[in-house]
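Protein sequence lines correspond, in order, to chains F and Y.
Numbering-wise (this note's numbering), the first sequence opens with residue 1417 and increments by one.
Numbering-wise (this note's numbering), the second sequence opens with residue 4 and increments by one.
Honestly, the hints are just simulated from the structure, not real lab data.
Treat the hints with care, as some may be off.
Claimed, not checked - What the simulated footprint calls covered on chain F by chain Y, stretch by stretch (three residues with Cβ under 8 Å from a Cβ of chain Y suffice, anywhere in the stretch; the number is not a length):
| # | stretch |
| --- | --- |
| 1 | 1446-1456 |
| 2 | 1459-1471 |
| 3 | 1503-1513 |
| 4 | 1518-1528 |
What the hints assert, rightly or not - Taking lysine to aspartate or glutamate and the DMTMM-like style, the derived pairs with C-alpha atoms no more than 20 Å apart in a straight line are:
| # | chain 1 | residue 1 | chain 2 | residue 2 |
| --- | --- | --- | --- | --- |
| 5 | Y | Lys109 | F | Glu1430 |
| 6 | F | Lys1460 | Y | Glu91 |
| 7 | F | Lys1494 | F | Glu1430 |
| 8 | Y | Lys109 | F | Glu1501 |
Think of the CB as a built atom: it goes at the ideal place given N, C-alpha and C, for glycine as much as any other residue.
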Amino acid sequence: EAGVAQSPRYKIIEKRQSVAFWCNPISGHATLYWYQQILGQGPKLLIQFQNNGVVDDSQLPKDRFSAERLKGVDSTLKIQPAKLEDSAVYLCASSSGTLIGKFFGPGTRLTVL
Amino acid sequence: AQSVTQLGSHVSVSEGALVLLRCNYSSSVPPYLFWYVQYPNQGLQLLLKYTSAATLVKGINGFEAEFKKSETSFHLTKPSAHMSDAAEYFCAVSLTGANSKLTFGKGITLSVRP
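For reference, chain F alone in the conformation it holds in the complex:
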């Protein structure tokens, strides 16, 4: 079974630029999550989708972050404009309704200069 795929793996941008990350969840997983992991901290949930609807985006900085999950499969997370404090690893995870536990992708390491 293929795991959660993410791209790119690494991205370096300057502050005020825009960036987008892509996630392809495990086939059949209806729930998709984006987490932000700042160095030295545990992952923090940014947004949770159930199919193509948003379940929880309470910790998403909506003035600069946006996410979508068209057709209930792939998802993109965008930051515009980026700030220095956005430097982090962005993890995508997916889960199904029948198996407890989230499956995580390898993450995208973002460096904002």
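Since the structure of chain F is provided, determine the placement of chain Y on it from the hints.
Here is chain Y on its own, set in the frame of chain F:
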């Protein structure tokens, strides 16, 4: 709201020694509890999970954890450390339900000395 406390940021053990990584949780309702491992430049891998069945949970790579409600703890142990166990370990809590969001602790880095 739920939360997880992982005291200390770094644990160092000798190869072959006992590994003990501590996790305490706070939850107003019976929780699900998880341990994840993260190797350098990789995503999170599920080690084990507690979902209100047996209180002693066995996971991959010889790790196990015991849920103790009276102590609100879910400590991770392994009888004999291996060099390949060196990684970062995260404890996480969620509400019951397969799609409930995870709340993570800040993680503990495990080093294994030869």
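Would you pick out the hints that fail for this structure and give their numbers low to high?
5
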